[in-house]
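Q: Work out the full structure, taking the sequences as your base and the hints as a guide.
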Amino acid sequence: MKKILVFLILASCQWDIGWVHLGIVDCMAQKQTSVARQFDGSMPYYHLLDRVVIEGGQELNAYKLSLYKSVTVKENAFTPKELAQQAFMDMEHDVEEAAKEAIIKEVGHVKGHLYYAFLMMRQGCYIFYQNASLRKGGKREATIVYMEGQKNSSMSMSELKRMFKKK
Amino acid sequence: MNKYWLDIVNRYFEAETTEEEERLLKRFLASDEAQGAEFDEARAVMGLFATARSSSLSAREELESASSRTTVPESSALSPQKTIKWLSVAAAVVLAVGLWWHWSERPTYYACIDGVETTNRKEVVEAMHRSMENVQQDVETEDIISKQLGEMFNSIEE
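Top to bottom, those sequences are chains A and B.
Going by numbering that gives the first Met the number 0, the first sequence opens with residue 0, and the numbers climb by one from there.
Going by numbering that gives the first Met the number 0, the second sequence opens with residue 0, and the numbers climb by one from there.
Please keep in mind that the hints were generated in silico from the structure rather than gathered at the bench.
Treat each hint with caution, since some may be false.
Claimed, not checked - Pairs of lysine to aspartate or glutamate residues, derived as EDC-like cross-links and limited to a Cα-Cα distance of at most 16 Å, are as follows: (1) A/K104 with A/D89; (2) A/K80 with A/E140; (3) B/K121 with A/E58; (4) B/K25 with B/D6; (5) A/K104 with A/D93; (6) B/K25 with B/E37; (7) B/K2 with B/D39; (8) A/K160 with B/E132; (9) A/K138 with B/D6.
To be verified - Quick look at which bits of chain A chain B covers, simulated, 3 or more residues with Cβ under 8 Å: (10) 64 to 73; (11) 89 to 103.
Idealized CB from N, CA, C, for every residue including glycine.
A: As structure tokens, this is what we get:
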């Protein structure tokens, strides 16, 4: 009995320390999306990605979001070219797969490659993607953004896009 | 007088005498007054019982003294020290659960940019805005949409 109680105490402390991992933060997700592997640290180029996680907080209230996660692959002098290329290909593939399951989607292709995607997987779950390297003069980088809306929020994808749109 | 004592003896054999009467009878049988043959049988029986009684009494006394020396089994109730120990463990568990609950409700801010990790709220929010800009639908993207739509209608017309 004593050992079980000690174990429970230690486990609760370990959970408290180990929460900062992209793969377990999206507690609202009911189903894994195709892009989940880009966020869970399983990809070999994961350590090269720029990563952002915000859960809760006032900054997301303006967008009626509860969770914001993004990963960006950048091809530069510091990233091994092969890994960066693999990241570009994998991200495009994962977003294409997610688009097949999206209930609302808007995608654009350039030269046979996915240039951008705005996907609503289910009410309150969104994936945005853009591969800037396909744009003329664009940076050699691609970004996937995964977002979850607040509970009882009925924001549409077009509303969210308007919030993101450049002014 | 003898008749009185004979009556007592008869009642003794009938197991109708009280302890006091038995005591008095024994005293009488041990005295010079009870030297007659009519009291021999009683004297013999009481002597035997006296020996048996004394030995059983001593055995009972020994048993009682022995049982008073045996240790009393431990009470099943927790001692105060154990109670305090378990209460402190329970308090630690409640504290741990409370801390976990408190931390799980707090906003999370995390960013890793160019290999540098940060949980600074301002820095993470800035990083969020930069990543938002990466996926914003810009003028060029709208041109692509128009171009693709145009290509679609052109192909239909053809």
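Q: Find the hints from earlier in the document that the structure breaks and name them by number, from lowest to highest.
A: Numbers 1, 9, 11, in rising order.
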